[in-house]
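Student: Chains as they are written, first to last, in numbering that gives the first Met the number 0: chain U, 0 to 362; chain L, 0 to 362.
What the hints contain is simulated information worked out from the structure, not anything from laboratory work.
Treat the hints with caution; some may be incorrect.
As the list claims (entries may be wrong) - Partial list, computed: chain L residues near chain U (C-beta under 7 Å):
#1 Ala-11
#2 Val-15
#3 Glu-43
#4 Leu-328
Note that CB positions come from ideal geometry on N, CA and C, so glycine has one too.
There are 2 protein chains.
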Amino acid sequence: MDVAALRSELPALERVVYLNAGSVGPAPRGAIAAAEVELHDQLEAARGGGDHFTRAITLAGRLRARVAALLGCDPWEVALTGAATDGINAVVGGLELGPGEVILTSDEEHPGLLAPLALARERRGVELRIAPFAEIASAVGPRTRLIACSHVSWISGRIVDAAALASTGVPVLLDGAQGLGAIDVDVRALGCDYYAASGQKWLCGPIGSGYLYVRERALESLAPIAPGYSSLSDPGRPLDLPLADGAARLDRGVPPTHQAAWSLAAIDVLADAGLAALYERAARLAHGLAEQLAATGLTVVGRDASTLVSWEARDPELEAARLHAAGFLVRQLPGTPHVRAAVGAWNTTDELERLAETATSTS
Amino acid sequence: MDVAALRSELPALERVVYLNAGSVGPAPRGAIAAAEVELHDQLEAARGGGDHFTRAITLAGRLRARVAALLGCDPWEVALTGAATDGINAVVGGLELGPGEVILTSDEEHPGLLAPLALARERRGVELRIAPFAEIASAVGPRTRLIACSHVSWISGRIVDAAALASTGVPVLLDGAQGLGAIDVDVRALGCDYYAASGQKWLCGPIGSGYLYVRERALESLAPIAPGYSSLSDPGRPLDLPLADGAARLDRGVPPTHQAAWSLAAIDVLADAGLAALYERAARLAHGLAEQLAATGLTVVGRDASTLVSWEARDPELEAARLHAAGFLVRQLPGTPHVRAAVGAWNTTDELERLAETATSTS
């Protein structure tokens, strides 16, 4: 793949060694340009008119189809949300669950997944069970109604054994915040019922964008937790709550045109580089970084063929700040002794060698 | 007030007679420029770094304070939502309500309020009672736990008798979609517990912006319906669900910087024109339009000192389309025989005279 071409689309890379797409990815030139076109359209045209609404609906439809292709599903199985957490809340809050029923999760989950689970426990008396990330499937019991866990652990970068989860027969919600856009995703092969993804991380989309895959068999059991005008098939009889077709009933309204255009153009930039090549290169670079860090005596945690590399530091907050000052945009993982580098296909071996040297030098 | 100066900030007014801020308001030049500055900052700087996060938090804080001043409350009583419907869902979904308890509403409500109520009935067995808009307070019964209705009816433009509602002692949620930015709002004087406002309508902000006022005494009884990272005071222990201080716990994440900057700059444009003068002029123009329409024999419905003027048409959809083709951006109200003009201070008497003539000529 043409790394120089990809890097030239991402000007933030000139300022820092960008290793935090696990939080928010770099913004592409083409995406910002596309957003600006839509801002100007909103300025000049009447936003309150039917033409603008039609344009917004059209862009939303294109985005849904584009993301469905990335996920390996049909467009009507995709909801346009505002974040991975939105999708997780839509599932955990949308299912009829109560006392005596168990949601099974893991010990490597993000607050954006755990907070919705905590709410289900507090408000609805659902029981939570927490298993080690590698042993989730074997912790399924007769009262387990949902498995909710990461596709790729934000802590260790490990990839969940989705086949083992699917074989339990319990519906599976995967938190794909470190999945979609970072590694190849095929929701049918994963066998999950729900896959919640971020737009602003590995897909380099705007903050406030995300996606939720809902498998056909799982849609009818999911009530929208925050229904509005666009959830309805017939806004003329809202008290009957007639829901729109497909996962679109779970959309967070129609995305603003500048947000949708940004999302689409950012995916174009990644697709132009070649998605398979992008995934392969990012995983290879991450693997190389992990080996270099380990070779210099650092303790690298977990790992798998993902884009995340975490290692132990005596004072992870201080170490992240020190690396940041040296030009490396890494992050500390709160509540853990870990510093994490989120490696993108846009990184270079030179950048990662320098990180390994710098991280080593004072640990 | 300087109408020409205000109009020059709103280029969409050159294309159409803009009478649909009740759906989406015109976008101001300064707001689009402010959004572009933030898009470029996101392009050039590292969005994944602490500096960007700090910038986003700072803009969110400024926006919260600015909107609190508009509402007449304290900043910590304001949540940054994505739409008025978001705020309504946060209240209706966030309260502990169940069978045997009643939510009282009116016969002039928007699907964005009715859909959340329908969900409360369907999922939690809450009873709904619907009273005529002018008689809500007298329909309160011993099992009424919440009054949820419009501040200004989107159908008739009538303003609710908030004092009568407050005197019932039942918590009141006002849907302020046609209130904040259109007429003077003072949540303390209104005596409501919750006020849900839109950002994209009368405040001319971006689609995907909204605000929720929650009175101090009402905050603790409200659980976030979709908690995430930013709902928590301590993201290090999400399973305990320690909630952030104030209404910010109900924020829909931290707004993207370009959205917050747009919102702030749009409020600046309105404030530069003078908010009191803006409200006075819009109400006066709307009153004049209603009189002209009535004088030509049309049936104007409801009315009050608001910015909405609705009238009956034999075929309202066709009439709205015909007026649209003639350059008037009005809307038909689905499920009613009404066409509605949402009059802004940016309109001129000439525009409204022409509308009255045109609407009359073929009805």
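Student: It remains to establish, for every hint, whether it holds in the given structure.
Tutor: Here's how the hints hold up against the structure:
1. Ala-11: Interface hint status for L/Ala-11: holds (5 Å vs cutoff 7 Å).
2. Val-15: Interface hint status for L/Val-15: holds (5 Å vs cutoff 7 Å).
3. Glu-43: 6 Å, holds
4. Leu-328: Constraint on L/Leu-328 satisfied, holds at 5 Å.
No hint from the list above goes unmet by this structure.
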